[in-house]
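2 protein chains.
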Amino acid sequence: MKFSINKNVILEQLQYVSKAISPKNIINILNGIKFELDSKGLSLTASDSNLTIKAFIDKEKIESIDTVGSIIVSNKSLLDIIKNMPEDIIKFEVDDGLRINIKSGECEFNLNCLNSLDYPDIDMSDNKTHIDIKAETLKKMIKQTIFAVSVQESRPLLMGINIKVNGNILECTATDSYRLAKKTVTLDKPYDEVVDIVIPASNIGELEKIISDESKNVEMHIFDKKILFKYENILFQSNLLEGSYPNTSSFIPVDFEHIVNVNLNNYYASINRVALIGQSKDKNIIKMDVNEKEIVLSSLATQIGAGTDKVSITKNNSEEISISFSAKYMIDVLRSFEDEDIIIYMNTDSKPIVVMSASDDSLVQLILPIKTF
Amino acid sequence: MKFSINKNVILEQLQYVSKAISPKNIINILNGIKFELDSKGLSLTASDSNLTIKAFIDKEKIESIDTVGSIIVSNKSLLDIIKNMPEDIIKFEVDDGLRINIKSGECEFNLNCLNSLDYPDIDMSDNKTHIDIKAETLKKMIKQTIFAVSVQESRPLLMGINIKVNGNILECTATDSYRLAKKTVTLDKPYDEVVDIVIPASNIGELEKIISDESKNVEMHIFDKKILFKYENILFQSNLLEGSYPNTSSFIPVDFEHIVNVNLNNYYASINRVALIGQSKDKNIIKMDVNEKEIVLSSLATQIGAGTDKVSITKNNSEEISISFSAKYMIDVLRSFEDEDIIIYMNTDSKPIVVMSASDDSLVQLILPIKTF
Numbered sequence: 000m001k002f003s004i005n006k007n008v009i010l011e012q013l014q015y016v017s018k019a020i021s022p023k024n025i026i027n028i029l030n031g032i033k034f035e036l037d038s039k040g041l042s043l044t045a046s047d048s049n050l051t052i053k054a055f056i057d058k059e060k061i062e063s064i065d066t067v068g069s070i071i072v073s074n075k076s077l078l079d080i081i082k083n084m085p086e087d088i089i090k091f092e093v094d095d096g097l098r099i100n101i102k103s104g105e106c107e108f109n110l111n112c113l114n115s116l117d118y119p120d121i122d123m124s125d126n127k128t129h130i131d132i133k134a135e136t137l138k139k140m141i142k143q144t145i146f147a148v149s150v151q152e153s154r155p156l157l158m159g160i161n162i163k164v165n166g167n168i169l170e171c172t173a174t175d176s177y178r179l180a181k182k183t184v185t186l187d188k189p190y191d192e193v194v195d196i197v198i199p200a201s202n203i204g205e206l207e208k209i210i211s212d213e214s215k216n217v218e219m220h221i222f223d224k225k226i227l228f229k230y231e232n233i234l235f236q237s238n239l240l241e242g243s244y245p246n247t248s249s250f251i252p253v254d255f256e257h258i259v260n261v262n263l264n265n266y267y268a269s270i271n272r273v274a275l276i277g278q279s280k281d282k283n284i285i286k287m288d289v290n291e292k293e294i295v296l297s298s299l300a301t302q303i304g305a306g307t308d309k310v311s312i313t314k315n316n317s318e319e320i321s322i323s324f325s326a327k328y329m330i331d332v333l334r335s336f337e338d339e340d341i342i343i344y345m346n347t348d349s350k351p352i353v354v355m356s357a358s359d360d361s362l363v364q365l366i367l368p369i370k371t372f
Numbered sequence: 000m001k002f003s004i005n006k007n008v009i010l011e012q013l014q015y016v017s018k019a020i021s022p023k024n025i026i027n028i029l030n031g032i033k034f035e036l037d038s039k040g041l042s043l044t045a046s047d048s049n050l051t052i053k054a055f056i057d058k059e060k061i062e063s064i065d066t067v068g069s070i071i072v073s074n075k076s077l078l079d080i081i082k083n084m085p086e087d088i089i090k091f092e093v094d095d096g097l098r099i100n101i102k103s104g105e106c107e108f109n110l111n112c113l114n115s116l117d118y119p120d121i122d123m124s125d126n127k128t129h130i131d132i133k134a135e136t137l138k139k140m141i142k143q144t145i146f147a148v149s150v151q152e153s154r155p156l157l158m159g160i161n162i163k164v165n166g167n168i169l170e171c172t173a174t175d176s177y178r179l180a181k182k183t184v185t186l187d188k189p190y191d192e193v194v195d196i197v198i199p200a201s202n203i204g205e206l207e208k209i210i211s212d213e214s215k216n217v218e219m220h221i222f223d224k225k226i227l228f229k230y231e232n233i234l235f236q237s238n239l240l241e242g243s244y245p246n247t248s249s250f251i252p253v254d255f256e257h258i259v260n261v262n263l264n265n266y267y268a269s270i271n272r273v274a275l276i277g278q279s280k281d282k283n284i285i286k287m288d289v290n291e292k293e294i295v296l297s298s299l300a301t302q303i304g305a306g307t308d309k310v311s312i313t314k315n316n317s318e319e320i321s322i323s324f325s326a327k328y329m330i331d332v333l334r335s336f337e338d339e340d341i342i343i344y345m346n347t348d349s350k351p352i353v354v355m356s357a358s359d360d361s362l363v364q365l366i367l368p369i370k371t372f
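Protein chains in written order, with numbering that gives the first Met the number 0: chain A, 0 to 372; chain B, 0 to 372.
Hint data in this document are derived by calculation from the structure and do not stem from the laboratory.
From the three backbone atoms N, C-alpha and C, an ideal C-beta is built for every residue, glycine too.
Be aware that one or more of the hints could be misleading.
[What the hints assert, rightly or not] Residues from chain B that face chain A, not an exhaustive set, calculated with beta carbons under 10 Å:
{"id": "1", "residue": "Ser73"}
{"id": "2", "residue": "Pro155"}
{"id": "3", "residue": "Met158"}
{"id": "4", "residue": "Ile276"}
{"id": "5", "residue": "Gly304"}
{"id": "6", "residue": "Asp308"}
{"id": "7", "residue": "Val310"}
{"id": "8", "residue": "Ile312"}
So that you can see chain A by itself, here it is in the shape it has in the complex (with noise of 0.2 Å):
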């Protein structure tokens, strides 16, 4: 294997490919990028056994290729050589041993490697149909829900994104039992098959990272029990958990006695401010009253102090409600909007507490209150 390559088109895929080894990862041959490369380009490939993700460079996109060939690089420092070589134009060349030499200018980095032979056979073909999806409405769903999946490895489907498909009707969602986070898009085709299947966040939230380009299409390949996504040049093949995810749509109510309006940036800075009384803003607990033209956020730690805020709002009556709500969680679900205003439905001090946009509806986020006495 031989060619010479610009430093920033391999250093770009070189970073998205390398998204997938895990530095828990045992098995040595998985802690190194596979380069294959014969006339058509250059593959570069990595996986943990749960997510792979290869990139392909096309030759058009190569300086030269000298001699084609393929080996696994397995070196922690290959993305900062690169980084740091001192010219646009980088050598590579495999010698006869397992050995590549990667040279630019002066500078010369000889690196041990392993055999391409001894890696993985990772089937990343194609399926017969896929759901074609935008790029910039993948990328929005994963961040509008991800936070809310569990991190308790104790319900390992939790820990998961549910997506469901049927018709031209997509549904993700994330819980962790105490919140949820429900995206609904509207595909341009209706997909044949009825899909219910659960990705694991820490896969998803990788391919939402590797996407750069929103104005781009991505193609999802479902299969029994993985998912390939195909965007621009990659391909990124995630696991699919086992199991089956439970039916969340029974957990959201349909009519509130109470329905608020209010402006989202005012809502979170005040919740933000009134959040600093406690431990620690991912444990402290945040009391809202709500009458008809405010709501009164206060925050009490009896060591510390207490704090409170006031914030304008339209509501549907005049009738008061007390509720408590985790302010970590609050949080993360008003950084789930970019709308002007939103709206927060509740019932009573027990029931959960959802907030929508107030242009939208479809995304919608759900937290349990915390009841205190």
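Starting from the known structure of chain A, fit chain B onto it as the hints suggest.
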């Protein structure tokens, strides 16, 4: 105590003094900031008993002083609370008990406080004489030496910076016994007494961060067991380390066999590249082969691979030398210079390497080579 003040005015001073609060501190009252308001203005004091920082805000910069008094505000979130306040003007009021009310717009906090009478009595009065030094000079001197102090608690004296003053010559030295940084400064006025003190690096490092206006002067008031720096409206008082600092001047060779002139940026970039081979930049060793025209830098880690790079130089003679050193130590040394060219002085592969600027001899950096076989 009752006053109102502009948010940014008090925030800036709170940020300065809070640097004296140690996260390791176990004396409860020292987690607080002492507020003392009289008709002249507001003093803010924080201390971890080794380091005390006191900032004074003149009455001219305070919106209104209604009632004087003092209290200790002991709240980890105090700075965040002030930062997040909705309006520019913040009102502070201590009620009958040990509580402070902090109010801005509709937002209000009531924080539990401690009695200011319980705060340790810390003498921060001037000495009869002092040394004047430019803030810029002091800041630079700290940055150019502090990285070389020891982090090993077994030799506490080396965890400090040694300052010697003789007439109008101030010498600042730091060493961990494997490397040494020494900066010499000429004072505008000679100081009457001979000074030889050691200031804890962790304390003087905070002073460096506080000095923002480099055009000002700093007064150094030296006492038996402490040093008081006066900068603008801030008093910064550190204890001194006890014991006699090693006589470091004998460590620095006077004559050299090899004198190499090299461009700082080129050499720095090459060192950073070659340092990428090995476990971690902190532990990697670089070999330097010097001939009349160039330096060849190389690194080797048997299991990983090898790296090499070349830099053009001019040299005093055609003698060759091979010498090895810690990549991290050389990177630290090179970061302390801002000049275009540096000079590397060497004798043998087991004698100290000395680095100085080609245009200014006030800074001497020394590192011991590492013997490799």
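How the hints compare with the structure:
no.: 1; hint: Ser73; verdict: holds (9 Å)
no.: 2; hint: Pro155; verdict: violated (34 Å)
no.: 3; hint: Met158; verdict: violated (31 Å)
no.: 4; hint: Ile276; verdict: holds (7 Å)
no.: 5; hint: Gly304; verdict: holds (4 Å)
no.: 6; hint: Asp308; verdict: holds (4 Å)
no.: 7; hint: Val310; verdict: holds (8 Å)
no.: 8; hint: Ile312; verdict: violated (13 Å)
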